[in-house]
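Sequences are here, hints too, so could you generate the full structure?
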Amino acid sequence: MPKRPAYSNLVKVIRDGKFVITGELEPEKDYDIGHVLHSAEEMKKTGKIIAANVTDGPQGDAYTCSMVPCYLVQEKVGLEAIWQMTVRDRNRIALFGDILGGAILGLKNLLALTGDHTALGDHQRARPVYDLDSTQLIDLVSKMVDDGTDLEGNEIRGGRPQLNVGCAANPNSNPREPEILKVGRKVEVGADFIQTQTSFDVDDAKEFLKELERFNTPVLLGLFPIKNYGIAWYFNENIPGVSVPKEFLTALKKAEKDNKGNKQAKYDAIDKVNLEFYVPFIKEIKKTTKAAGIHCMAVHYERLFQPLLKDL
Amino acid sequence: MIITKQKDIEEIYDMIKPYSKILVAGCDGCCQPPRSINEAKVLAQMLELKARSEGKELKWKAITVLRQCDDRIAATTLRPFIEEYDAIVSLACGLGVGMLNRIIPTILTFPAQNSMFGGVENNSENYFAEYCETCGECLLGVTGGICPMAGCAKNLSNGPCGGQVEGKCEVGGYIHDCAWVKIWERLKKFNRLDLFTNYRPPRNYRIWSSPRFIHIYESSSNIEEKKKEENV
Amino acid sequence: MVFEPKILGFLCNWCSYAGADLAGVSRIQYPTNVRVIRVMCSGRVDPVFIAEAFMNGIDGVLVLGCHLGDCHYISGNYEAELKMKMLGKVLSMINFADRVRLDWVSAAEGNRFAEIVTEFTEHIRKLGPSPIKNDKLKKQILDNLSATKFALCDSRLRALVARQRELTTEGNVYGNIIPIEEFEEILDNAIENEFIRHKILEKIKNEGKSVPEIAKEIKIEPHKVLQHIVTLRARGLVDVDQINEEIPTFISIKEV
Amino acid sequence: MEKIGSVLVVGGGIAGIQASMDLADSGFKVYLVESSMSIGGVMSQLDKTFPTNDCSICILAPKLVAAGRHENITLLINTNLEKIDGNPGNFTVELKQRSLLLDQEKCTGCGVCAQECPVEAIDFFNEGLSNRSAISVKFPQAVPLVFSIDQELCIGCGFCKGVCKAKAIDYTLEDKSTTLNVGAIVLALGFDEYDPGPTQQYGYGKYLNVITSIQFERILSASGPHSGLILRPSDGIIPKKVAFLQCVGSRDKKHGAEYCSSVCCMYTAKEAVIAKEHMEIIEPTIFSMDVRAVGKDFDKYIERAQNEYGVRYIRSRISDIKEISETKDLILHYENEEGKVISETFNLVVLAVGALPNHSTKALAKKLNIELNSYNFCKTKPFSPVESSREGIYVCGMISEPKDIPETVVEASAAAGAVNILLSDVRNTLVTEKELPKERDTIGEPPRIGVFICHCGINIGGVVDVPEVVEYANKLPDVIHAERNLYTCSADTQTNIKEQIKEHNLNRVIVASCTPRTHEPLFQATIREAGLNKYLFDLANIRDQCSWVHMHEPEEATEKAKDLVRMAVARARKLVPLQEQQVEVIHKGMVIGGGVAGMTAALNLANQGFEVFLIEKSKRLGGFSNNIYHTLEKHDVQELLKDLINKVKNHKLINIFLNARINSIGGYVCNFTTNITFGGDKQKKEFQHGIIIVATGAHEYQPKDGEFLFGKDERVILQSDLEKILFTEEEKIKQLNSIVMLQCVGSRNEEHPYCSRMCCSEAIKNALKVKEINPNLNITVLYRDIRTYGFKEKYYNLAREKGVIFIRFKDEQPPEIKLENGNLSIYIKKRDIGDIKINADLVALSAGIVADGEANENLAKMLKVPVNDDEFFLEAHVKLRPSDFATDGIFLCGTSRGTATIRESIAQAMSAASRATTILSKDILKTEGIISKVDPALCIGCNRCAEVCNYGAVGVKYEEGLMISEVNPLLCKGCGDCAAECPAEAITMSHFGRIQIEPMIAEAAKVTVADGRPRIVAFLCNWCSYAGADLAGVSRYQYPPNVRTIRVMCSGGIPKSFILQAFLEGADGVFIGGCHLGDCHYIAGNQDTLRRTEEIEQIIESLGINPARFMRKWVSASEGKIFAETIKEFTEKLQKLGPIENDYKKEKKEIKKEEKKEIILTE
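Residue numbers (this note's numbering), protein chains in the order written: chain A, 1 to 312; chain B, 10001 to 10232; chain Y, 20001 to 20256; chain S, 30001 to 31163.
No lab work stands behind these hints: they were computed from the structure. Yeah, the Cβ is synthetic: ideal placement off N, Cα and C, and Gly gets one too. Mixed in with the good hints, there may be bad ones.
[To be verified] Taking lysine to aspartate or glutamate and the EDC-like style, the derived pairs with C-alpha atoms no more than 16 Å apart in a straight line are:
#1 K30276(S) / E20246(Y)
#2 K30161(S) / E30082(S)
#3 K30328(S) / E20221(Y)
#4 K31145(S) / E10054(B)
#5 K10059(B) / E31065(S)
#6 K30366(S) / E30082(S)
#7 K30241(S) / E20221(Y)
#8 K20224(Y) / E30120(S)
#9 K10007(B) / E31101(S)
#10 K20133(Y) / D20143(Y)
#11 K31145(S) / E10057(B)
#12 K10182(B) / E177(A)
#13 K246(A) / E276(A)
#14 K20216(Y) / E31101(S)
#15 K20089(Y) / D20154(Y)
#16 K30362(S) / E30082(S)
#17 K30276(S) / E20245(Y)
#18 K29(A) / D61(A)
#19 K10188(B) / E177(A)
#20 K286(A) / D311(A)
#21 K30240(S) / E20246(Y)
[Claimed, not checked] Coverage of chain S stretches by chain B, computed from C-beta distances (three or more under 8 Å per stretch; other residues unrestricted):
#22 30938-30952
#23 30979-30985
#24 31051-31058
Structure follows, in structure tokens:
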């Protein structure tokens, strides 16, 4: 399949062969999304983060939609948005409509996701939609972007929307083979780039990246710097398949314990732990793999951006 | 088989509260666990005890029907009794309850059960598992005989999603198998991963819209269409 | 003040009572301490009566019947002798044996009657009042007497006593005569066992007690107490009350 | 001389009973002679049995009753064998019965005499822990249930005669001599426990708190002296720390005997576990040298004892005990693993006493002229463990060597198997079948019921107003005739009943008397003699469950008796005649497996004249024994094998199929059809046969590649390889200096968590042989436990004397074998003496025995029989039915069942053959009358019945294209579980079905009880809870009279609707009693009870009825006391709740109104 043009800055930069960094923004149950914009500004300030994902109701919770924050981030902050879209809440008609609407607003990147099931969120009795699955969503985007039609072949009037579409991959998946095969399917129907879930194991990540190489599609490896011990513990206990390394956990715990009462010192200690873990991690990935970049999911942890990325 | 689950006795009792004479009809048909005469009798006894605890008397008869969803069988079995009773409580699936309401227009039939899904019994592990959603577009041929509709919480055609860990599904707390991992295992076993990697396009949900009818003679001669053609 | 004992006399109708009458007719004087109950035969005097008498504060009991061989009912006084012997055994365990006397007075022995009464009164006077009158000892003595009474009620024991004469003199169902010593040994054992068992029952009438507690109270070795408890449980008279840690307590479950 | 078709069995323990039952079922007349007053032996004294913790009396009592009423068994109690004459096949024996001073026929077992007896004596059944009377019965469940007078103690007072209304007591009865002609004699004398008293070993007899294990067993028993409470003798306190000392009187030449008693390790573990189960606070400690858990699943039991129950094992033999005189606690000194001497205080010490030869063995052996061995046990032939030195006299059980119950039962059947061969010509010559009149056809007649109410002397009449009950019975519907009898069970009353049936044309009979468990067969026989079907009878239990348990409430008891009679009438009206079906038996057998076990079984059957198909999967006969040269006792195995193969090959009734594979097995007992391919896939054959014996065997464990360098270094070999060298290449041994033997390779580990039983003996056998060849060679045996059970201990001692070195290693630290400079070095970790290193020229691995998992599972599927976790076949009951499968007509033997020596395999093979003969010897097999039936018109084909059936007797036969369920009357045991489960009520359990029980429930709930007592309807299972309720009666445990009992065969046969119906009919409480989980007479029916009752609890709660109104409790046959207490508790609980109407709203309002009224009045 011929390569789709790079409509977005992100894809352009990737194709230019630069090691890119993307960030993550998370609108929650908010009427005021000031914190999202603030965070976006911090990312912009780094000069390294060139785009940011805006999440779409993670963990199945009912949150502010992703489209509008995406638009505002682009308009007000000037940071390119990666528009996450799940198939959980919209049928193919709504998806089509939303994508077209988003494209009109100037959104250039769309990350197609299945979405955490409603049974995990705060509206467990909701009816999950799943009319399409994430692969079929990519197919839909491809049809819109490449053919200028909807799924049934009806033409979009006034030209084709200009979007690049990404897909997700999970380096923690076990068994891994079906995950790889699934990514292959997504690439086949038109994914322009791949963003992965968070990884804590550099060897594992390298292996995973190696396996993805065969699809000839840029991969951004997800990393998750952790702001405090509580989050790490929660992550470890409650997100199956993800295990935070024990040394990392204990180091965080120690950092908090040693600096009880002194907020700044505690922050410094924690940052140090993260930096000691991630700086070599990223260097290793950059040096030894064909990864196109890093997707840094340091939500609400803006102060780490500068020190983490300064050497990249 | 249609897997059913008996409603709370409170709920059943609330439905039949206004009546003093009820016919409790079991069904020998396909509902699982079986709800035949014994179950009907136990339910009737429970209702009588419940009525008593509410300070009322309840007269009942327990009976069973070979298949409540068959209009002729249900009618011939139940009609001799209906004159003497004020209401029917059916232990069949929704089909049976609907059918009794249709063929017995004089009194109401109330469901004693919730119809859960089309499934089969796993004897060794003592549960009923959903096997088929009657989607009308069978995928089993390309999924190694495991249905991703009935087996996947997200009904994915192109799974697995990121919500599986070690082959278990995020929905329900990582207890149930991920259908897509199972599909992969099975296709791998038979060296048919080609089926797995294939992309399956969006499904046709038109055929899922209720109410659904299939004309019995649809396939042999489409009379309606022919009529239309003639009219045109 | 001189102690005036209260004495109860069981007198057989045919000899002793007549003898007492004769003493009256002859105006023979004797102490006033005796209160007389007329019975048809000294064999009628149930040992239980005597235990009952002591429980009611009597200081001494006198049982008088016809001379051996003279019984109006042929052998009633022999029976009386055996019963009193058994009673004596039980009472000796609680130091009451001295307060009972069985003797023979014929209808013609007015004098003898007066003598026996006088002598017995003096005897009791010397012994002093029944310990039951001592407030400190009263409960313990009453318990003992009560156990005695119930032991004397035991049907097995009574059965043994009832057959004693027959078995030791005439022969048993196999035609064998059981030597008196052998029989007495059986009887002694039975009496002792029943008395202890009833003493145990008395102790656990109202509240459950453990074996060591009972043993301490009745001054019997604990392992023997346990054996009696086993028997009493088998008879349905005692049951486990509760188990606190490793110590089970037992309680009497039926009015005897 | 002509042969005689009868057998004398001496000894009425479990061995004697089993042998008698097998022989009687195989067409021989049996005289069972027992020297005490009841059959049952030591097993009747046990509380529980290992390794299943089955209640001993619960599983034994049905056997006792069955033996007692078997038409071909004559029980001769209080009898000894005096003299013997004659030859095999025709002996003349003289027996002497010591007088009971009581007419056995007349005694009803009511026990009034014992209550009146003035003489107290020690109760030896309770091991001296309680008292009894001079007239007594051995134990409440005794068979026959007759009292006897102890002449030593009786003082002849004559009271008992006075109170005996049955006029059974006769002081003039004298000892009686009988002379019998019998064809064979089976000796099953059993054993005596070692008595540590005489030498006061360990202070026994001196210190109060040192007791023997059998005393402890009685203390544990719910029917024992303390009713299951564990109290120590000195002061009646629960001992917290209990020490168990192993090998008291065993493995000790100074005290007791040299040999190992085989059972003590396991029964001690069991006692420790049960003690812990009874009372959590008890901390058991077991002191032992080796733990000899050699049987099936025994090691797992020890493991559970240690890990689940916290039983502490200490490897030490205690030398002496000191008592602390104040507390009577005991101080033990022992050496711990580090070699330190520790002294520890215990509250109670239990001596695990060993088994000695029965005190009468020696005298009897002299009379019978049979040889004893040096230990005074009976000498038997090397490869025929049940044959004594005299032909025609067979032995089984402990008489020949100490062994556990299953082995004893195996030998009992094996002895019967040996008799079968000797007397096969005269089978069925002396057994009798009663001539019965033709059964009257009562179908269509309205019920005409006769009621016979028993006074039972004063047992019933003294409490219940019998005339009033008679009057009441006369008024009940369909009752034509009611009368009362002093003893309904007496012979003259039987005649009377028959007359009344004729006179009034009765077609149903009810007797209101004692328990149906013992007396129903008698009355059933009576009405059958009067021409009525025996199932047209019912029995109202107004003695054991009424007059005896409500002695102080005569009025209430009378009311209850009336209710019980009314319930019986309600049931009797619905009784229908039942027919026992008859199936023709094909007199052929199939034996699967051509090893020693298979060949022995085949030969046994063939020698009796039955054709046998012997299937062997390999190309040659002999199986694993082909690798064995001689046994530990130096008997030549190859000689045996040659002889066996010869006999089998030349027997014209044995068809041998080598290189064979079974394709299918169809049919069922009496008529199986099997299809095989044999001769290397070339030929096919199909044949029919009546029974199947599984003797597929097992094989030697093959160490994994590199395990202990096996396969890597040729000097590491298997024990069997060494044996081959020893017997074929002696020279090789002479060149060696050091051999190390490593035990438990592939045994007692995670993969194979069981003991292979023979490896210890194999190692010692080879070690001795090595020493014989080369006395200077150093042999070291590295072991965990040396398990030379029984007489094998002798060879262990011998090996040590010969200089074989034994070094123990810890379970979790196996030795390591390393290759150092081309030499084999073995390292062992020892905590007391430091680590050891041994160099060896040869290492012999004692590889265990493993089942052929896949083959066994395939065969199991075909036979529809189970295999256990270790992939050995699972017998019907590990204790009492070791040679049977739960499925009738299929038997097992040899190493297919579990690990066994050759000798044991032979015994098992003969046992299996004997069990098979009980079927093959009959022309017609009669089925049970009480079975389930399917109404095909109602069946919906859901197959739920098959899921609950434990016998594979019911289910939908999909393969035959029939979509409805069918009961196989040959396999159905009549528990009724399927009927309770059937959603369509298509299955009816006969005799105890809905039509019989539902009217009873209606009557049971409609009763008037005094003092506002609650109305309780109780459903009790026949085998445990009903028996427990009977025991409460026998023991006179009083409980409130407001419970009405309905007997069912199994608690699993109670559908939910029964319970709801009881509440609807007005019961204030419903009680269900069943066997303890695992004790079910029908394998696992009570698990379905558990499921249903849990549902019922939820249901009634959802209906607003207090769930406390329903109670389910497991009550065993020995828990009479617990039954009484449970009913008492339940009554009290219900009394607090008040009548069921309290749970109903309307009634509540009314009560409130009344209360208001009262308040107004008082104002």
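* Decide if the proposed pair is consistent with the structure: K286(A) and D311(A), CA atoms, cutoff 16 Å inclusive. => Answer holds: K286(A) to D311(A) is near 12 Å, not above 16 Å.
* Asked: Is K30241(S) close enough to E20221(Y), meaning Cα to Cα at most 16 Å?
  -> Not satisfied, since the Cα-Cα distance of roughly 22 Å exceeds 16 Å.
* Given the hint that K30362(S) pairs with E30082(S), test it: the Cα-Cα distance must not exceed 16 Å. => Distance ~13 Å between K30362(S) and E30082(S) Cα, so the pair holds.
* Asked: Is K20133(Y) within 16 Å of D20143(Y), Cα to Cα?
  -> Answer holds: K20133(Y) to D20143(Y) is near 14 Å, not above 16 Å.
* Asked: According to a criterion of three or more residues whose C-beta lies within less than 8 Å of a C-beta of chain B, is the stretch 30938-30952 of chain S covered?
  -> The restraint on the stretch 30938-30952 of chain S holds, since 5 of its residues have a Cβ under 8 Å from chain B and three suffice.
* To do: Take the C-alpha atoms of K30328(S) and E20221(Y), compute the straight-line distance between them, and say whether it is at most 16 Å.
  => It holds: about 12 Å lies between the C-alpha atoms, which stays within 16 Å.
* To do: Take the C-alpha atoms of K30366(S) and E30082(S), compute the straight-line distance between them, and say whether it is at most 16 Å.
  => holds, 11 Å
* Asked: Is K10182(B) within 16 Å of E177(A), Cα to Cα?
  -> holds, 12 Å
* Claimed coverage, the stretch 31051-31058 of chain S by chain B - three or more beta carbons nearer than 8 Å -> Three-residue rule met by the stretch 31051-31058 of chain S, so holds; n is 3.
* Proposed proximity, D20154(Y) with K20089(Y) (alpha carbon, max 16 Å) -> Distance of about 15 Å is within 16 Å: holds.
* Taken at face value, is the distance from the CA of E30120(S) to the CA of K20224(Y) at most 16 Å? -> Distance ~15 Å between K20224(Y) and E30120(S) Cα, so the pair holds.
* Asked: Is the hinted pair K31145(S) and E10057(B) satisfied, with a Cα-Cα distance of at most 16 Å?
  -> holds, 12 Å
Checked against the numbered hints listed earlier, the structure breaks hints 2, 7, 14; every other hint is satisfied.
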